[in-house]
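Quick mapping for you: the protein sequence lines, in order, are chains A and B. My numbering runs 30 ahead of the 1-based position in the first sequence. My numbering runs 30 ahead of the 1-based position in the second sequence.
Treat the hints as calculated values from the structure; they're not laboratory data. Be aware that a few hints might be false.
[Unchecked claim] Pulled a few chain A residues facing chain B out of the computed Cβ check, cut under 10 angstroms:
1. P45
2. P47
3. G67
4. M69
5. D236
6. G240
7. S243
8. V256
9. C259
10. D271
11. K283
12. A285
13. M287
14. I291
For clarity, every value in this text was computed on a predicted model and none was experimentally measured. Ideal Cβ positions, reconstructed from N, Cα and C, are used throughout, including at glycine.
Number of protein chains: 2
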Amino acid sequence: MPAMDNFATVDAEVPQPKDGEVLVRTRYLSVDPYMRGRMNDGKSYVAPFAVNEVINGGVVGEVIESRSADFKPGDIVTGQLGWQLYSVARAKELRKVDPNLAPVTTALGVLGMPGLTAYFGLVDIGKPREGETVVVSGAAGAVGMTVCQIAKIKGCRVIGIAGSDEKNEYLEHELWVDRTINYKTAVDMKQALKDACPNGVDIYFDNVGGAVSDAVLPFINQNARVVICGQISLYNLDRPDVGPRPQPYLLVKSALMQGFIITDYASRFAEGVKQLGQWVHEGKMKYAENIVDGFENTPNAFLGLFSGENLGKQLVRVEN
Amino acid sequence: MPAMDNFATVDAEVPQPKDGEVLVRTRYLSVDPYMRGRMNDGKSYVAPFAVNEVINGGVVGEVIESRSADFKPGDIVTGQLGWQLYSVARAKELRKVDPNLAPVTTALGVLGMPGLTAYFGLVDIGKPREGETVVVSGAAGAVGMTVCQIAKIKGCRVIGIAGSDEKNEYLEHELWVDRTINYKTAVDMKQALKDACPNGVDIYFDNVGGAVSDAVLPFINQNARVVICGQISLYNLDRPDVGPRPQPYLLVKSALMQGFIITDYASRFAEGVKQLGQWVHEGKMKYAENIVDGFENTPNAFLGLFSGENLGKQLVRVEN
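Just chain A, same shape as in the assembly (with noise of 0.2 angstroms):
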């Protein structure tokens, strides 16, 4: 688990732009659980983030200088960015944002890559049909949330779960979730999500791993699809993760796990925003925000996620 000494905050000049480049002043910052990963070192899906380097992150920020022909001072921007109160990027790293559609911070969250990572894997691997049902771990993040009520909007079953009464309350009272189960306050997970699920379980999308997906899976029905999105449990052991294999449960239902990350689906970004900004739009589609004011509080925001203190998209307000 890492903790705030592994953090160090750096005083540096402000960075010109050269051509082709822009000058960002950060408005706000996403900390994001994958994130986690890029703190190990070794082969993963992104590169590790190098000791004493910038972490780097989703940003949106505002334009302050531009040398490039694509954007002006004033132009709301996002980006993978540093962790930092003005960074410079190529224009071409860059996407314009535009503030009278919907709050800025959208992009960073149901407009951003939570909420594409929660349409391509629900919609594109567990393709879900009407009356499936369709169980949720991390259903109270930026992620889970989307995924929750996009299979709400494809007519399924929903059973959410999370980690704190509150955050269940706000799934079922304010996203419509059918179900909710505290797999901390659980006295016995596959009771609960036996009464949870009568029917069995038609797609898991999976956020969090270990004991919670232990439970998930016996209940899996034929042609089940398991949406692998992230593992959170396991994100900080120091130890091979070990627990019940689940091939077995694939063998004998004919099921499917799928593990994916968003990149996968980069040339379709524009279909998923445009849905994801229509559902929005009509009103089909909440989302939640939990942000945290001050720059030098984003590590501890980042750490928050892991002891689960997020509801929706955590983010980071830099005022400055």
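Fit chain B to the given chain A structure using the hints.
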């Protein structure tokens, strides 16, 4: 682990066919790993065997008496019949076997259920592409050796994992498998796999599960396909099967793990038999059979599957 005293031989009258039925004299009985699953009580992909009922499995036999226009005495047929000397079956449960096309035993092997399992599992789920690396566990079994050969036909590099040097010699010298690993004598399975798969693993066709799979999964490549065909190492466990969870590997590699059973492909059997038959005819596909003589040795032949005694398809020849 089942033992001889779980089996009983019972004398009975030869049954008489009714209208639309056929009396079949058994020539060959198939014993298959999947039958072990039917010896457990509980929901699985095939209904469990009932205690004190005849065990049911693949049979090749000769029609002795027919009350169906579709068959006449002397016809060679195959179907799911009993472990018995004579069976009565409805005509529609039987398929005619042409003894001039290939030895009749192939209807229980390369041109039957194991061959079709290999074909659809590898081609439809594994989707092999030229130059990819395919690892096959249980490579010297009836399914495994067919998978190895189809993968070679598709232009892949093939690594077979089996439990004896004799089996591995057969795989390398007779079936053109590129490299083999003896999982029983390998000092370090991970090192052996690393040496055998310098470019990682694109397809893992798994008949075995357990520790062998644990060793393979860390080597899967981006977009790898893990075909869960069998888990023979687990069938006789009386406790939950615990090991390193595969989900983290699937996640970081955007990899697929898919279980299946051959009946999922029932509508495409003709396509599979035709293709396999053509490869056999062209000499591109070999097959091995391990034939035990004598009906009374059927339980022993079945039990031998779990100690890895068979090279290729395990059959029992019944002379009666």
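Comparing the hints with the structure gives:
1. For P45 of chain A, the shortest C-beta to C-beta distance to chain B is roughly 32 angstroms, which exceeds 10 angstroms, and the interface hint is violated.
2. At a threshold of 10 angstroms, the smallest CB-CB gap from P47 of chain A to chain B is about 34 angstroms, leaving the interface hint violated.
3. For G67 of chain A, the interface hint holds, the least distance from its beta-carbon to any beta-carbon of chain B being 7 angstroms, beneath 10 angstroms.
4. Among the interface hints, the one on M69 of chain A is violated; its C-beta lies about 14 angstroms from the nearest C-beta in chain B, farther than the 10 angstroms criterion.
5. Look at D236 of chain A: its Cβ gets to within about 7 angstroms of chain B, closer than 10 angstroms, so that hint holds up.
6. About 8 angstroms separates the beta-carbon of G240 of chain A from the nearest beta-carbon of chain B, less than 10 angstroms, and the hint is met.
7. The criterion of a C-beta within 10 angstroms of any C-beta in chain B is met by S243 of chain A, whose closest approach is roughly 7 angstroms, and the hint holds.
8. Hint status for V256 of chain A relative to chain B: holds, with the closest Cβ pair at about 8 angstroms, below 10 angstroms.
9. Annotation: interface hint on C259 of chain A holds; nearest CB of chain B at approximately 8 angstroms, less than 10 angstroms.
10. Given the 10 angstroms rule on beta carbons, the hint for D271 of chain A holds: about 5 angstroms separates it from the nearest Cβ of chain B.
11. With 10 angstroms as the threshold, the beta carbon of K283 of chain A comes within range of chain B, its nearest partner Cβ sitting at about 6 angstroms, so the hint holds.
12. This hint holds: A285 of chain A has a C-beta 5 angstroms from the nearest C-beta of chain B, less than the 10 angstroms allowed.
13. Taken as an interface hint, M287 of chain A checks out: its beta carbon lies about 4 angstroms from the nearest beta carbon of chain B, inside 10 angstroms.
14. Hint on I291 of chain A holds. Least Cβ distance to chain B is approximately 6 angstroms, under the 10 angstroms limit.
Checked against the numbered hints above, the structure breaks hints 1, 2 and 4 and satisfies the rest.
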